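Enquirer: Given the structure of chain A, go ahead and fit chain B onto it with the hints provided.
If you read the sequences in order, they're chains A and B. Note that our numbering gives residue 73 to position 70 of the first sequence, counting from 1, and the numbers run on in steps of one. Note that our numbering gives residue 132 to position 129 of the second sequence, counting from 1, and the numbers run on in steps of one.
Derived from the structure by calculation, the hints contain no laboratory data. Some hints here could point you the wrong way.
Which chain A residues stay away from chain B? Per the calculated CB distances, all over 12 Å, these [as the list claims (entries may be wrong)]:
id, residue
1, Pro-123
2, Lys-124
3, Ser-135
4, Ala-161
5, Asp-197
6, Lys-344
7, Arg-385
Here's a subset of chain A near chain B, in silico, CB distances under 7 Å, partners left out [what the hints assert, rightly or not]:
id, residue
8, Thr-51
9, Ala-65
10, His-199
11, Pro-224
12, Asp-440
Subject to a maximum C-alpha distance of 27 Å in a straight line, what follows is the list of computed BS3-like cross-link-like pairs (lysine-lysine) [claimed, not checked]:
id, chain 1, residue 1, chain 2, residue 2
13, A, Lys-148, A, Lys-184
14, A, Lys-75, B, Lys-75
15, A, Lys-124, A, Lys-75
16, B, Lys-148, B, Lys-124
17, B, Lys-214, A, Lys-242
18, A, Lys-124, B, Lys-124
19, A, Lys-352, A, Lys-380
All figures in this text were calculated on a predicted structure; none of them were measured in a lab. Heads up, the beta-carbon is just placed ideally off N, CA and C, and yes, glycines get one too.
There are 2 protein chains.
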Amino acid sequence: MPRLLALTAATLAAGTALAIPPPPTPTATELAQRGDDIAWSITEGLTTEIGPRMAGTEAEAAARRWALARLKALGFQNVREEEFRMQTWVRGEESAALTGPFQPQALHIAALGNSASTGPKGIEGEIAYFASYDALVAAPDASVKGKIVFIDHQMQPAQDGSGYSYYGRGRFTGPNVAAKKGAIATVIRSIGTDDHRGAHAGGTNFEAGVKPIPAGALSNPDADQLVRQWQRTRQMRTKETALGYTPEPLRMNLVLTPRNLGQRASGNIIAEVPGSDPAASPVIIACHLDSWDLGTGAIDDASGCGIIAAAAKHVMTAGQPRRTIRILWAGAEEVGVFGGKAYFDAHGKERHAVALESDFGADRVWRVDFKLPDSAKPVADRIAAAVMPFGVVRGRQPASGGADIGALVQAGVPAIDLQQDGTRYFDLHHTPDDTLDKVDPVQLRQNVVVWTATLAILADSSDAELP
Amino acid sequence: MPRLLALTAATLAAGTALAIPPPPTPTATELAQRGDDIAWSITEGLTTEIGPRMAGTEAEAAARRWALARLKALGFQNVREEEFRMQTWVRGEESAALTGPFQPQALHIAALGNSASTGPKGIEGEIAYFASYDALVAAPDASVKGKIVFIDHQMQPAQDGSGYSYYGRGRFTGPNVAAKKGAIATVIRSIGTDDHRGAHAGGTNFEAGVKPIPAGALSNPDADQLVRQWQRTRQMRTKETALGYTPEPLRMNLVLTPRNLGQRASGNIIAEVPGSDPAASPVIIACHLDSWDLGTGAIDDASGCGIIAAAAKHVMTAGQPRRTIRILWAGAEEVGVFGGKAYFDAHGKERHAVALESDFGADRVWRVDFKLPDSAKPVADRIAAAVMPFGVVRGRQPASGGADIGALVQAGVPAIDLQQDGTRYFDLHHTPDDTLDKVDPVQLRQNVVVWTATLAILADSSDAELP
Numbered sequence: 004m005p006r007l008l009a010l011t012a013a014t015l016a017a018g019t020a021l022a023i024p025p026p027p028t029p030t031a032t033e034l035a036q037r038g039d040d041i042a043w044s045i046t047e048g049l050t051t052e053i054g055p056r057m058a059g060t061e062a063e064a065a066a067r068r069w070a071l072a073r074l075k076a077l078g079f080q081n082v083r084e085e086e087f088r089m090q091t092w093v094r095g096e097e098s099a100a101l102t103g104p105f106q107p108q109a110l111h112i113a114a115l116g117n118s119a120s121t122g123p124k125g126i127e128g129e130i131a132y133f134a135s136y137d138a139l140v141a142a143p144d145a146s147v148k149g150k151i152v153f154i155d156h157q158m159q160p161a162q163d164g165s166g167y168s169y170y171g172r173g174r175f176t177g178p179n180v181a182a183k184k185g186a187i188a189t190v191i192r193s194i195g196t197d198d199h200r201g202a203h204a205g206g207t208n209f210e211a212g213v214k215p216i217p218a219g220a221l222s223n224p225d226a227d228q229l230v231r232q233w234q235r236t237r238q239m240r241t242k243e244t245a246l247g248y249t250p251e252p253l254r255m256n257l258v259l260t261p262r263n264l265g266q267r268a269s270g271n272i273i274a275e276v277p278g279s280d281p282a283a284s285p286v287i288i289a290c291h292l293d294s295w296d297l298g299t300g301a302i303d304d305a306s307g308c309g310i311i312a313a314a315a316k317h318v319m320t321a322g323q324p325r326r327t328i329r330i331l332w333a334g335a336e337e338v339g340v341f342g343g344k345a346y347f348d349a350h351g352k353e354r355h356a357v358a359l360e361s362d363f364g365a366d367r368v369w370r371v372d373f374k375l376p377d378s379a380k381p382v383a384d385r386i387a388a389a390v391m392p393f394g395v396v397r398g399r400q401p402a403s404g405g406a407d408i409g410a411l412v413q414a415g416v417p418a419i420d421l422q423q424d425g426t427r428y429f430d431l432h433h434t435p436d437d438t439l440d441k442v443d444p445v446q447l448r449q450n451v452v453v454w455t456a457t458l459a460i461l462a463d464s465s466d467a468e469l470p
Numbered sequence: 004m005p006r007l008l009a010l011t012a013a014t015l016a017a018g019t020a021l022a023i024p025p026p027p028t029p030t031a032t033e034l035a036q037r038g039d040d041i042a043w044s045i046t047e048g049l050t051t052e053i054g055p056r057m058a059g060t061e062a063e064a065a066a067r068r069w070a071l072a073r074l075k076a077l078g079f080q081n082v083r084e085e086e087f088r089m090q091t092w093v094r095g096e097e098s099a100a101l102t103g104p105f106q107p108q109a110l111h112i113a114a115l116g117n118s119a120s121t122g123p124k125g126i127e128g129e130i131a132y133f134a135s136y137d138a139l140v141a142a143p144d145a146s147v148k149g150k151i152v153f154i155d156h157q158m159q160p161a162q163d164g165s166g167y168s169y170y171g172r173g174r175f176t177g178p179n180v181a182a183k184k185g186a187i188a189t190v191i192r193s194i195g196t197d198d199h200r201g202a203h204a205g206g207t208n209f210e211a212g213v214k215p216i217p218a219g220a221l222s223n224p225d226a227d228q229l230v231r232q233w234q235r236t237r238q239m240r241t242k243e244t245a246l247g248y249t250p251e252p253l254r255m256n257l258v259l260t261p262r263n264l265g266q267r268a269s270g271n272i273i274a275e276v277p278g279s280d281p282a283a284s285p286v287i288i289a290c291h292l293d294s295w296d297l298g299t300g301a302i303d304d305a306s307g308c309g310i311i312a313a314a315a316k317h318v319m320t321a322g323q324p325r326r327t328i329r330i331l332w333a334g335a336e337e338v339g340v341f342g343g344k345a346y347f348d349a350h351g352k353e354r355h356a357v358a359l360e361s362d363f364g365a366d367r368v369w370r371v372d373f374k375l376p377d378s379a380k381p382v383a384d385r386i387a388a389a390v391m392p393f394g395v396v397r398g399r400q401p402a403s404g405g406a407d408i409g410a411l412v413q414a415g416v417p418a419i420d421l422q423q424d425g426t427r428y429f430d431l432h433h434t435p436d437d438t439l440d441k442v443d444p445v446q447l448r449q450n451v452v453v454w455t456a457t458l459a460i461l462a463d464s465s466d467a468e469l470p
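So that you can see chain A by itself, here it is in the shape it has in the complex (with noise of 0.2 Å):
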């Protein structure tokens, strides 16, 4: 070994006892930046070794156990599993054809939560176009009455995901409007914003006492053919009906054989870093465990998990916070915010200082948002300087919380919103695309950098800050 560089190595092997000061303890938000292994390995892991896990399944169970062991192994304390039961529905057989003047051919479809069934050998009707939700809100019961109503309405992308409301109304309440009048099934364009063969599955919702009717989803390229097959024969229909003959209107053939399996378990897990104040009211962060079942779930939710138990533990390594900071991984958001319901059964009454949800891919972190009570305006303005390094805006508007902590915030719990890039989010929502190629590592470890900063302030706010 050259002179120089073992004087070196034996200074620094001597390096306390000569008096060297010991480098400076890292925060958190440095322990993120130097590298996150934990959010990717949970995202990699779950969607490699689970896979798809729709709620109330085998695969979320599987998933609920995979969930303890890999929190247990971060380290985490009160790693546990709170059950509840909840209706289960499962996709089956799926299928659709046009049938018409033109060349049969087949359309990508994916049954909607909540669907009912055609039964095994499907149903056939003739389509009653309706170029929006709106359009077959307005629309007389006998234009539907007896058909399969279609419902067009093309998603366009936003950053912040504003468009979902205003477009989902199709697939969230269209079905039970048509029910209502008379429709015996509904087809939607997918609530989507990509050019994928892939459908958007997603819940629906029929009110009580309306009974439900089968309900599917197409692929965008799949609805522009029917509109384009639609078009095409109503024109053929004016024509040859102006020359006394007229030919069949453009009808389809649906199999969807979705099955309800009854109540069912599925269930939250919950892990927490203990807070030095034990009196202190914890810090709640949420994302969800369960998946629709056409992907893996890659970006909704396990990079959510990931993002928070990764922040979590960076928080935890730096040092222990003053308050508990407490992670659900909800059970059964997708099927209905089961899990959150439960959560807030089991812990309504609780203080919880403030809740946090990450539940919108793994982009980037553009914006924050606060809803916190007048006292926190400080840890809000902390916040706000911490994450600006990190390419974060501070937002006008207030946080709105997220699905599995929306009771809390519904009950006043005071909610933070670190809002993430949703350009590309419904190019793969739901769809057989959310797998996890489409996980972009270095937005992901921005997400967790963000994260931990944010949460090293809430955890070591003061009572005077936030109750």
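Expert: For chain B alone, coordinates are given in the frame of chain A:
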């Protein structure tokens, strides 16, 4: 009517009588530049009214009827079908799932053309992983025998599509190599550059004397999943073996039930723009009418048929060319170039001045390559100058022709390649995503303009230039 307008109208109406010179006759290229509904209309019509048109099926026959009517309506002459018969293979049921130490997950798979059937109950076997086709070729039989071979190797995009022959070997002959080594089935990573769940179909070939085995392609995200599970299982096995216990290796359940329907009818559709000099040899331009069955064959190859027909129509409209232009919409290209072979059998002894084919999507022409006799150098120079304004560079390599004109070019017919930008071609090639929305109308029109300019020069070339 104001006085000035009335005067103008009268002047225009009496234009000829007042001896105002008529406007110059537009060239074919100018006609193409004015707007081109023909290529779009053919692409849209074929994909909407017929859709997938697998060789030998009723859908391909419907496409031929559609083509005959369409080409006649465009005013072409000698529009006819030349029937031939070919071995017909059709897809059946298909599913694949990995069984190992993890939660079972379904994979998206598509059988390759000429794949054998697993039977409806499927087969099950251990995965033998190979990083590439070359690795499989180099492997000892014992590492493959009785197993399901998986061939990895992620295709990378290239503007000139040059990776297809390199990466494609895994599909073209990988299953044949595996069968000879005793594999029970072969599953490959799709020959494709995208990250969507639709697998890339395509033909595979077994040598005479080699018994076909089941062969399928996984989508890229599914291949990623298989690779991650395989690596993880191997790590577990290595670790556990050191402990004296070996867990099961990764296995796959595979169901592929394609069928051979025996000899069925297919056919070539031919149409002509008759030249003014019946002694001059014709220019032949080709595309293929059949498609794979997963998408609607928009970029492969409805757009090619639209481009060549539009170019021929513009040349015809501008005035009768000296040489006949023969349009070949070939049948059964995808499954073995049966249409190209049938054309050569019927017409290979006739003289052809030059052959061109459009079968690489609908993105812009970026380069022109020539393989012409020395006498035709002035023709090449004129074409290069004519297409230059539309962003086309002159290539330095010889043209290679296309599949359907392959036998002609092999026999010595001169060829010109109007090379299309293939950067995103293998995102879509043979997938469910090959649908109309992937065709960019602006780039489609550029193809028509470049083809029209080229075709006009070729159709009026002298006998001294092209024999």
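Enquirer: To test your reading of the hints: which numbers does this structure violate?
Expert: 5, 14, 15, 17
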